[in-house]
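Peer 1: Single-letter residue listing:
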Amino acid sequence: MSCEHAERDLDTYLDNELDAATAMDIHGHLNECAACRRRVAEREALGRLVRAAPYYSAPDRLRARVLAQTTRARSVRRLLTWAAAAVLVVSVGGGGLSLWRSAVTLGDAMADDVVDSHVRSLMASHLFDVESTDQHTVKPWFLGKLDFSPPVADLASIGFPLVGGRLDYVGGRPVAALVYQRQRHTINVFVSPALNDVFTQANVQSLRGFHIHHWVHDRMSFWAVSDLNEAELTQFCEALEAS
Amino acid sequence: MPLRAFEETVLPHLDAVFNYARWLTKNTADAEDLVQEACVRAMRFLSSLRDDDARAWLFAIVRNTWYSRVSRRANMAEAIPLDGARDVRPDVALDPEERLLQQHTVALVRAALEQLPVDFREVIVLREFEGLSYKEIAAVVRVPIGTVMSRLARGRERLMAVLKLTAPMETLR
Chain A
0 MSCEHAERDL DTYLDNELDA ATAMDIHGHL NECAACRRRV AEREALGRLV RAAPYYSAPD
60 RLRARVLAQT TRARSVRRLL TWAAAAVLVV SVGGGGLSLW RSAVTLGDAM ADDVVDSHVR
120 SLMASHLFDV ESTDQHTVKP WFLGKLDFSP PVADLASIGF PLVGGRLDYV GGRPVAALVY
180 QRQRHTINVF VSPALNDVFT QANVQSLRGF HIHHWVHDRM SFWAVSDLNE AELTQFCEAL
240 EAS
Chain B
0 MPLRAFEETV LPHLDAVFNY ARWLTKNTAD AEDLVQEACV RAMRFLSSLR DDDARAWLFA
60 IVRNTWYSRV SRRANMAEAI PLDGARDVRP DVALDPEERL LQQHTVALVR AALEQLPVDF
120 REVIVLREFE GLSYKEIAAV VRVPIGTVMS RLARGRERLM AVLKLTAPME TLR
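Chains A and B supply the protein sequences, listed in that same order.
Numbering of the first sequence is given in numbering that gives the first Met the number 0, commencing with residue 0 and proceeding in unit increments.
Numbering of the second sequence is given in numbering that gives the first Met the number 0, commencing with residue 0 and proceeding in unit increments.
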């Protein structure tokens, strides 16, 4: 093994992330090469130095604030349960209130996160991991990166060309983000398996100047978000759902 | 959603999550706000956590929350004054001269790490302080493992270059 090879893999070697065979090769090389041994010593010293930098433990007041948050959430929930029970007493069939309520808050939280991800993708100039107008390039790209295969359609024929895809993180889960273009407007479509029935209610809403469409098709959950006008986004979503 | 499960999921990792947030924001007050907002999100999305590692899941939520806040402020500038000298606890067992040297070194390392671009800084923090594997870091930062490797290597090179200029030479031997 040459010094050049050893140097390239030195970090991986010291982090114990190298496969056994290559690690043995490096080990062998280090026995013979004083220059690389010096590099290892330097890297190890750097590691010790970095770990001597401050580790910031959570202040007690933060711990208290987080605890207070969950306690507050718990009492709100208890109140909601009481409210649901009260409604149930008044009219049989009103027991769906608490379910409806949690669906609404979860939907709001998701919409918020969807808009955040959309804005982030536009600002951080990280719109694509795979840039392609070919659905047969974009779809296979997700293989092995997600535990599901998002349906990918090209809607160029009706003026919504597919421009690429990327991995994103919405609602605390990895999702497939498909990127479409309409003139100068970008449409992000976030696709993930529909988790449970709270996600199955289709809805349309606006948030911070963006339109958001949500629907479930074939047990997949779709969130489309854009600053495109409502009518054209609706046309896009209907075409996508029908494709 | 079971709130006890939330407390059991989040509270054990609060130090790790705060440390990561503190290195992202470089400011104690911002880090506290960030962690609190991230906890609200984590609470909402707890049902989406499956058998994955809760800690990596929380790091990812903190990171996304931070990027959202930064983009909301439309201010990527990281000009935040050093404020945390009080967070550094000197080792009382050392004699005054050694203690001075140690404080000096810690301050230098801290400054060097804070000056690194955040892409490099966060992978170093996740690796050196939290011991995350390359795979876990890749999941948090949402980049391929190869990118994690090159960011770690380049980040360390930069740190080394800065510290070689500033730190007492014997600390690098």
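The hints are simulated quantities; they were obtained by calculation from the structure and are not laboratory data.
Just to be clear, a hint being listed does not mean it is correct.
As the list claims (entries may be wrong) - Here are the simulated SDA-like pairs of lysine to any residue, each with C-alpha atoms no more than 20 Å apart in a straight line:
no., chain 1, residue 1, chain 2, residue 2
1, B, 134, A, 1
2, B, 134, B, 163
3, B, 163, B, 132
4, A, 144, B, 119
5, B, 163, A, 6
6, B, 134, A, 145
7, B, 134, A, 133
8, B, 163, A, 122
9, B, 163, A, 37
10, B, 134, A, 162
11, A, 144, A, 133
12, B, 163, A, 162
13, B, 163, A, 34
14, B, 163, A, 180
15, B, 163, A, 144
16, B, 163, A, 131
17, A, 144, B, 145
18, B, 163, A, 21
19, A, 144, B, 153
20, B, 163, A, 36
21, A, 138, B, 119
22, A, 138, A, 162
23, A, 144, A, 126
24, B, 134, A, 35
25, A, 138, A, 180
26, B, 134, A, 51
27, A, 144, B, 134
28, A, 144, A, 157
29, B, 163, A, 145
30, A, 144, B, 132
31, B, 134, B, 119
Peer 1: Taking the hints in turn, state whether each one holds.
Peer 2: These are the hints, each one checked on the structure:
1. B:134 / A:1: violated, 27 Å
2. B:134 / B:163: violated, 30 Å
3. B:163 / B:132: violated, 27 Å
4. A:144 / B:119: violated, 23 Å
5. B:163 / A:6: Since the Cα atoms of residue 163 of chain B and residue 6 of chain A sit roughly 19 Å apart, the hinted pair holds (cutoff 20 Å).
6. B:134 / A:145: Roughly 14 Å separates the two Cα atoms, so the pair holds.
7. B:134 / A:133: violated, 29 Å
8. B:163 / A:122: Distance ~35 Å between residue 163 of chain B and residue 122 of chain A Cα, so the pair is violated.
9. B:163 / A:37: The hint holds at about 14 Å.
10. B:134 / A:162: violated, 28 Å
11. A:144 / A:133: holds, 19 Å
12. B:163 / A:162: Violated, at about 46 Å.
13. B:163 / A:34: The hint holds at about 17 Å.
14. B:163 / A:180: violated, 49 Å
15. B:163 / A:144: violated, 40 Å
16. B:163 / A:131: This hinted pair is violated, its Cα atoms lying about 44 Å apart.
17. A:144 / B:145: holds, 14 Å
18. B:163 / A:21: violated, 30 Å
19. A:144 / B:153: violated, 25 Å
20. B:163 / A:36: holds, 18 Å
21. A:138 / B:119: violated, 30 Å
22. A:138 / A:162: holds, 12 Å
23. A:144 / A:126: holds, 17 Å
24. B:134 / A:35: violated, 26 Å
25. A:138 / A:180: holds, 17 Å
26. B:134 / A:51: violated, 25 Å
27. A:144 / B:134: Given that 20 Å is the threshold and the Cα spacing comes to 12 Å, the pair holds.
28. A:144 / A:157: Between residue 144 of chain A and residue 157 of chain A the Cα gap is close to 30 Å, so the pair fails against 20 Å, i.e. violated.
29. B:163 / A:145: The given pair, whose Cα atoms are some 42 Å apart, is violated under the 20 Å limit.
30. A:144 / B:132: Cα-Cα ~17 Å, so holds.
31. B:134 / B:119: Holds: residue 134 of chain B and residue 119 of chain B sit about 16 Å apart, inside 20 Å.
Violated hints, in rising order: 1, 2, 3, 4, 7, 8, 10, 12, 14, 15, 16, 18, 19, 21, 24, 26, 28 and 29; the structure is consistent with all others.
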